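K.L.:
Each chain is listed here by its residues.
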Amino acid sequence: MARPRTVLCPYCFEPWSTKLAAFRCTSGDAARCPRQPDEPQGRLRGTEPPLAPRVLQRQGRLGQAFAVKRGSPVRCECGAPARPVCPSCHSDLPQRFAEAPSRSMGLIGTKAAGKSNFIAVALHELEHRVGPRFDGSLMLLDDATRDRVDRELMPRLYREGAVLEATRSARGDATVRAPLVARLTLGAGGESSQSNLVFFDSAGEDLQSLDVLEREARYITQSHGLILLLDPLQIQAVRDELGGSVELPEASADAYTMLGRVSGLIREARGIPAGKPIDAPLAIAVSKFDAVRPLLPEGHAVFALPSHDGRFDPQVARSISAAVRSDLGGWLGERFDSFVKQEFSEFAYFGVSALGASPVDGRLPNGVAPLRVEDPVLWMLDAWGAIPGR
Amino acid sequence: MRPFDPKTYLAEVVAPHAGSAELPGLFERYLLDLDDGDDAAIEARMTEVKRYWDKKSTHPKYGTTIETLRERHGEALLSLGDARERAKVVDEAREGQRQAAEGARRAVEDWDRVVAQLAAAGGLDPARRAQLEKLADRAGIPRETARAKLDAVPAAPEPELLDASQRSVIAAALAALARDLREPRVRLSLFHAFGLDLDAGREAIAARWRERSEASRRDSHGSAKANWDRVLALAKIHLLDNDPRGYVHGLSLEIREALEPEAIKAVADDGQIDEVEAEHLQRQAVALGLTPELAQQAIAELARENGAVVRSGGTVDVVACPNCNRPHSRGGDDERCQSCGTALFIACPGCGRRNDATAASCGGCGTDLHRHAAAIRALAKLGALLEEGRVGQAREDLEEATRVLGPAAPEVAAASREVTPAVEAAKRSWAEVEAATAERRPYAARRLLIELGRTAADFPGPGGDLPASARAAAEGQIAEAEELLARATGLSGQERERALVAALGAAADCERAERELDKLPPASPGAVAAEPSGARMTIGWEPSVTEGARYAVTRVSAAGGGEILVGETDRPRIEDPKAVAGAVVRYSVAAVRGRARSAAATSEPALVALEVADFALVAGDGEARLSWRPHGGAGRVLVERRDESDGTETALTPDAAGLTDRSVVNGRRYTYRVRVEYPRPGGEALRTPGATAFAEPVERPRPLRDLVVRSDAGAVSIDFQPPASGTVVVVKCREDPALEVGADLDPARLSALGESLPVSGATATDGDPPPGRCFYQPLTLAGATAIVGEPARHVALPEIANVRALANGRRAQVTWQWPEGVTLARVAWRHDRQPVGTEDPKATGVDYRLGEYRDRGGCSLDLGEQSSIFVAVYPALRVEGEIVYGSAAGKGARATLRSERKTEVRYSVRRAGRLQKRLEIEVSEPAEGVLPELVLVGREGDILPRAVSDGTVLARLGGDGGPRASSLELRGLARPLAVRLFLDSAGAGGSHVLFDPMADELLIG
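Same order as they appear, the protein sequences are chains A and B. Residues 1 to 390 (my numbering) are what the first sequence spells out, left to right. Residues 1 to 1005 (my numbering) are what the second sequence spells out, left to right.
Mixed in with the good hints, there may be bad ones.
Here are the simulated DSS-like pairs of lysine-lysine, each with C-alpha atoms no more than 30 Å apart in a straight line [stated by the list, open to error]:
#1 B:K902 x B:K891
#2 B:K236 x B:K225
#3 B:K225 x B:K381
#4 B:K88 x A:K19
#5 B:K902 x B:K842
#6 B:K917 x A:K341
These are calculated hints, taken from the structure and not from any lab test. These figures come from a predicted structure and were not determined experimentally.
Input sequences plus hints: build the corresponding full structure.
P.N.:
Right, here's the structure in full:
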């Protein structure tokens, strides 16, 4: 498979050409390899430059700069081996990160829309159900992701049967800015395709404030695609229709406003003039879809159409999108759809449920039974041309 | 560059690394120095050495190491052949050298610090000095330097020699302990008592002392504990509070004195102690308790004192017996001591290494062997303890050995086989003593306690008393009884009788008191009366005035045959079941006390008019069966039946032992009365009152099937459909009862099947379900038989809860709550009703693992063409390769997805015509039949209409006789256009469900 020409750092969101590579010395002996102030790391963290082992730059042919011969690691001048880091921010890169195209998905949504549950369940589905059906696999790429997924997200959801706690705001905790990085391989042999998926999970409140959004959620502007998670139980029309039949969350800021802020930021960051749509695909996923089932016709496409079982079926995706778009139009009015159409060149609507049923006192007695949670991810991969055989 | 000398290369470079995984350093293996920088010379040297390796690669001793060096040559060439790489390796090597030098410097500093501490603490004794010399060697300190430093440290003052009187106190205490433990070695020294050598350090002594003190606290009181406590106190004073060397010197002195005569004899003939004599003396010294080093030292001093020389180079290499300390040559074949047979070696429980049985710790892994060896020795002595009657000590030693060695150790198992019977026998004897004491039989208790004192003197009874103290209590009771007996000797009449009775009260087994009472006959009983009572005679009389009298009752038949003893009793009444029916008899009653007997009182003659015996009445299907045991030919049996529905009475003619009455009607209640008529001696007949029973014949019930088993809060409920007739019994069986369903079973066999459960209404309850699998066998009792039903297998597993089934297209997504500990479940489903169980032949089932469930988010079942599905989920468990299922009858374990038979309506929209200007809408499903009224709604734009009101009605289809298809001209309609079909009336949603085609058909560009 051809190596990518550019790579997007999952930490500073700066793209760089794969002609350039950087490596950091791994020597633990400060006497042998003197520590130096690391300006880029300081900039990234917003702190004084930390003292760190030196970073070496290397240039090579396109796609080859990071290539390392087996058994011959890149060595620092002090003789110790060196590991790859981002040339821009000097953050350690996940293993073999530069070997596959990086595709980052920014997840946005109002507070309590179910973003963390969505990411956790989507990763689980990609690993356990979708991956195998597409002759593929999912591999978590860095220690932080493995720690978060294997020790926090999966045990809580799948072992304890408890919903995830609300994501902490990046204002108070810088660690929440760490993305979840995984490599998804679809297809086998020469037909296979690899993608580094970078998921960003943000606290809903961080997306509702423009200043925080600008400062802490910059990744959104650099994401290759956006998933907007819409909580139907926060839409007034749905709340009215459902009455007291289900437990309703507190209504948060409306998704329309949030999407407006996000698209404004993206335009600003990428220099896209008004009138020209943003070229990143937007998946609008209506979450907690199981809860609105009583409001939908019995033969609704989300429930009636088959899942993408080993093959992405664009007809099914289009039909579901049309049905959900129609529902949302009924609940939100046409303003939302018009805005989406005006701002994004490629978009689709989905109905998903990460948990499959409403939790009872924060617990899922029957475990996680997701509904079409993989659909937005597959659609986006298809939009990027990352599904083999399509 | 150093020269390469093939003659010394192997010895100097390869030999130090032979057999180890580590190779000589890169420079060392080519005899290069770190400063060598001439590339050509380096390459030449490497080639030269490589050539040498090639020649020596099959060297018998170093071939393997050389072969590895050859394999690494290429790699070395890359590193050393390239100046830049070589520079890195030089750096690394220099760094290694620097670190090694740093380590060596630290080791020297540590050594110096220890020497300084010892100097400050009073100086060096020879043993410490020897240890420090060894340490200096290891730290790489030149010997001369180390010696010079050690010479500078003052010698520690010799400890004060422990005086002989103190040593004799210690020796006496050790001798007593050795006797108690039956370990002669213990008497050698305090060190030996703790399983230590004489050169043990204070830390080791302190550790062993603490360990033994703990054990002593646990020991039960006795001489062993007292002896240990004495030895512990002495060890505290002489080994811990004072310098132990004083004690050791004293011991050495004693042993030297003991060996002196023999040494003098050895010196006398030739003025020297030759090798053979020296070894002999050393062995004796070791046998007396010295270490081989101290023994060698003692012999040398003996020789010096006697002006002789010793012709011997080293210490003897012996292994001492852990029991008697006899030394044995280590190289010999002895595995056990030649004197006492104790094993000389033990295998380490940690690593299996063979160690001396006297070793304090394993030479391989350092495991503490003292307790292990002590336990093995203790086990070897259990037989002797049992022979001595010390069962209690044997039990304690076995328990301690079990703690140390583990119950699975073969030695423990063998010892247990020996000790356990003795312990059980002692317990049994104690139980008999307890019984005798409770029954106030002190003579018997004393006999038993005397025997216990012989066989298990140290085995306490349930109250904690030893046999000796319990025996003292029994003796006290006996003394009391004897005193009362002595007082009775001087009395007469009733006073004497009362005193004798009191003596028996004190000791019920006092034979003398019994004998004396036998000489005083009791008073006779009063009037005797006899009468028939059912199937036996009842005899009563007025009691005797003598206290404590019993009564002997005899029967005399008028037909002759002598007196027959009916029985003895202490009550004024007795029953005689053996009197022959129809006979005329008299009964005599005499009061008895011991061997004394009163005159008898006799009844009037009485006719033995007995009812029939073992009368039984069983109602069946259209019959009633009566049975009894006849009394030979005596009497005539009469049967009367009364129909309770109308009061009709009928006399029936029976056979000798019963009758089957088939003239009955199912569902009616009948009373049967069975009487016997006996002829009296005067000719007049006597009829007994008769035995009465009721019967209600019923139709034979059908066997019970389809039990529903439910688990709830630790109990299991078994529901059944109550039969039209009969009584349901549910028996809990541990194994499959394997009975033929529908077969008849004798109700008497029910208890052999298992436990009958309480039944209330249509539910039997098992309040104590067994763990694992069991069977609930239903039976219907009807008359004299039990009809076998179909058993239900049940596995006690926590029940699955919260089962839900949700429709997703043509699939049902089933989810449930996994109970704690259950990781396997059986999902069973039917489309007509709930599955009856996991073995329901009409149900489909699949086994589902918890991991699978999590991966798939539940269990997805294909509905196919069915609209309803009934699902039950059973917990399951894999037992020895077989999957067994629990029960799932609870509501939470079942779910139903039942959609009313709705008709699916599907349609298609396609563009037609040469210019695609026409839109054709056609209902494809259902293919025929009546359609509900449908409306096609069009909406301008690319968003589908969500309701009819969202757009314009473009066409109408269906309805009664309405069209199934429609064609529209697109001309004139706004574009893009989104169309969708809707059911025209909300009511139609109750019977029809509408499915849209793919969106591509509905969005018209």
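K.L.:
If you check each hint against the structure, which ones fail?
P.N.:
Violated hints: none; all satisfied.
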